[in-house]
Amino acid sequence: MGVRGQISPIRGLGGNTTQSKHMRYRRIRGTTPEIEAAARRLRDNLTPAEAKLWEAIRGKQLDGFKFRCQHPVEQFILDFYCPSCKLVVEIDGEIHRDRQEYDQARTEKLETLGYRVTRFSNDEVIHNLGDVLERIRAQLRSP
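Using the numbering used here, the letters of the sequence shown correspond one by one to residues 1 to 143.
Simulated from the structure, these hints should not be mistaken for laboratory data.
All of these numbers come straight from a predicted model, not from anything done at the bench.
Take the hints with a grain of salt, since some may be wrong.
[To be verified] Using 16 Å as the maximum straight-line C-alpha spacing, the simulated EDC-like pairs for lysine to aspartate or glutamate come out as follows:
hint, residue 1, residue 2
1, K66, E55
2, K52, D92
3, K86, E111
4, K52, E108
5, K52, E90
6, K52, D131
7, K52, E134
8, K109, E74
9, K86, E108
10, K109, E90
11, K52, E124
12, K86, E74
Given the sequences, and given the hints that come with them, work out the whole structure.
Spelled out as C-alpha coordinates, the structure:
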(Lines of atoms letter the chains of each structure in order from A; the text may use other names.)
(Lines give C-alpha, C1' and ligand atoms only; values in the text may rest on other atoms or scores of the structure.)
Protein backbone atom coordinates (compact mmCIF):
# COMPACT_ATOMS: atom_id res chain seq x y z
CA MET A 1 0.00 0.00 0.00
CA GLY A 2 1.38 3.38 -0.95
CA VAL A 3 1.69 6.43 1.24
CA ARG A 4 -1.64 7.78 -0.01
CA GLY A 5 -3.49 4.71 1.21
CA GLN A 6 -2.26 4.93 4.79
CA ILE A 7 -4.55 6.46 7.36
CA SER A 8 -3.07 8.65 10.07
CA PRO A 9 -3.86 7.43 13.57
CA ILE A 10 -6.22 9.48 15.68
CA ARG A 11 -4.26 11.79 17.96
CA GLY A 12 -3.31 9.94 21.11
CA LEU A 13 -4.09 6.50 19.67
CA GLY A 14 -1.04 6.04 17.47
CA GLY A 15 1.79 3.68 18.28
CA ASN A 16 4.31 6.46 18.83
CA THR A 17 3.93 8.72 21.81
CA THR A 18 5.08 12.27 21.42
CA GLN A 19 5.33 15.05 23.91
CA SER A 20 3.74 18.38 23.27
CA LYS A 21 5.87 21.51 23.18
CA HIS A 22 4.46 22.46 26.59
CA MET A 23 5.40 19.13 28.15
CA ARG A 24 8.99 19.56 26.97
CA TYR A 25 9.14 23.01 28.59
CA ARG A 26 7.82 21.62 31.85
CA ARG A 27 10.49 18.95 31.80
CA ILE A 28 13.27 21.43 31.01
CA ARG A 29 12.23 24.03 33.57
CA GLY A 30 11.10 21.43 36.07
CA THR A 31 7.71 23.04 36.59
CA THR A 32 4.38 21.36 37.18
CA PRO A 33 0.95 22.04 35.68
CA GLU A 34 -0.01 23.67 39.00
CA ILE A 35 2.95 26.09 38.82
CA GLU A 36 2.09 26.90 35.20
CA ALA A 37 -1.54 27.63 36.17
CA ALA A 38 -0.44 29.79 39.11
CA ALA A 39 1.83 31.78 36.77
CA ARG A 40 -1.10 32.41 34.42
CA ARG A 41 -3.24 33.62 37.34
CA LEU A 42 -0.46 35.94 38.53
CA ARG A 43 -0.06 37.39 35.01
CA ASP A 44 -3.75 38.25 35.09
CA ASN A 45 -3.46 39.92 38.52
CA LEU A 46 -0.28 42.00 38.58
CA THR A 47 0.35 44.32 41.50
CA PRO A 48 0.45 48.06 40.66
CA ALA A 49 4.27 48.02 40.79
CA GLU A 50 4.50 44.91 38.60
CA ALA A 51 2.06 46.41 36.08
CA LYS A 52 4.05 49.66 35.93
CA LEU A 53 7.37 47.88 35.33
CA TRP A 54 5.83 45.43 32.85
CA GLU A 55 4.41 48.32 30.84
CA ALA A 56 7.96 49.76 30.59
CA ILE A 57 9.80 46.56 29.61
CA ARG A 58 7.29 44.47 27.62
CA GLY A 59 7.60 44.09 23.86
CA LYS A 60 11.38 44.58 23.83
CA GLN A 61 11.00 48.22 24.89
CA LEU A 62 14.09 48.12 27.11
CA ASP A 63 17.01 48.27 24.67
CA GLY A 64 15.53 45.45 22.58
CA PHE A 65 15.66 42.84 25.36
CA LYS A 66 12.75 40.42 25.62
CA PHE A 67 11.26 39.92 29.07
CA ARG A 68 8.71 37.40 30.25
CA CYS A 69 6.23 38.21 32.99
CA GLN A 70 5.44 35.76 35.82
CA HIS A 71 7.69 33.12 34.29
CA PRO A 72 7.81 29.66 35.92
CA VAL A 73 11.16 27.99 36.62
CA GLU A 74 11.18 24.82 38.70
CA GLN A 75 9.09 25.54 41.83
CA PHE A 76 9.42 29.32 41.43
CA ILE A 77 7.46 31.95 39.52
CA LEU A 78 9.77 34.79 38.54
CA ASP A 79 8.25 38.28 38.42
CA PHE A 80 10.19 39.15 35.25
CA TYR A 81 12.76 37.18 33.30
CA CYS A 82 15.07 38.06 30.40
CA PRO A 83 16.01 34.73 28.77
CA SER A 84 18.94 36.04 26.70
CA CYS A 85 20.75 37.25 29.84
CA LYS A 86 19.25 34.83 32.37
CA LEU A 87 18.34 37.93 34.38
CA VAL A 88 15.55 37.69 36.94
CA VAL A 89 13.91 40.92 38.14
CA GLU A 90 11.94 40.57 41.36
CA ILE A 91 9.70 43.21 42.94
CA ASP A 92 9.42 42.90 46.69
CA GLY A 93 6.41 44.06 48.65
CA GLU A 94 6.39 44.86 52.33
CA ILE A 95 9.45 43.27 53.92
CA HIS A 96 9.14 41.08 56.98
CA ARG A 97 11.95 39.03 58.49
CA ASP A 98 10.38 35.75 57.37
CA ARG A 99 9.97 37.04 53.84
CA GLN A 100 13.55 38.34 53.71
CA GLU A 101 14.89 34.92 54.64
CA TYR A 102 12.68 33.23 52.03
CA ASP A 103 13.72 35.74 49.34
CA GLN A 104 17.40 35.22 50.19
CA ALA A 105 17.08 31.43 49.98
CA ARG A 106 15.18 31.74 46.70
CA THR A 107 17.84 34.05 45.26
CA GLU A 108 20.60 31.65 46.27
CA LYS A 109 18.78 28.70 44.67
CA LEU A 110 18.21 30.62 41.43
CA GLU A 111 21.87 31.68 41.36
CA THR A 112 22.97 28.05 41.71
CA LEU A 113 20.84 27.34 38.63
CA GLY A 114 22.75 30.03 36.70
CA TYR A 115 20.31 32.93 36.97
CA ARG A 116 21.25 36.48 37.97
CA VAL A 117 18.72 38.03 40.34
CA THR A 118 18.10 41.71 41.00
CA ARG A 119 15.46 42.99 43.43
CA PHE A 120 13.53 46.22 43.77
CA SER A 121 10.94 47.34 46.26
CA ASN A 122 7.40 48.31 45.25
CA ASP A 123 8.21 51.89 46.28
CA GLU A 124 11.29 52.04 44.04
CA VAL A 125 9.27 50.96 41.02
CA ILE A 126 6.31 53.24 41.74
CA HIS A 127 8.31 56.37 42.63
CA ASN A 128 11.64 55.95 40.76
CA LEU A 129 10.91 53.91 37.65
CA GLY A 130 13.66 55.68 35.67
CA ASP A 131 16.31 54.65 38.20
CA VAL A 132 14.97 51.08 38.27
CA LEU A 133 15.18 50.87 34.47
CA GLU A 134 18.75 52.20 34.51
CA ARG A 135 19.77 49.59 37.08
CA ILE A 136 18.16 46.86 34.98
CA ARG A 137 20.00 48.17 31.89
CA ALA A 138 23.29 47.96 33.79
CA GLN A 139 22.52 44.33 34.69
CA LEU A 140 21.63 43.53 31.09
CA ARG A 141 24.98 44.90 29.90
CA SER A 142 27.10 43.14 32.52
CA PRO A 143 28.39 39.63 31.78
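If any of the earlier hints don't hold here, list their numbers in rising order. 4
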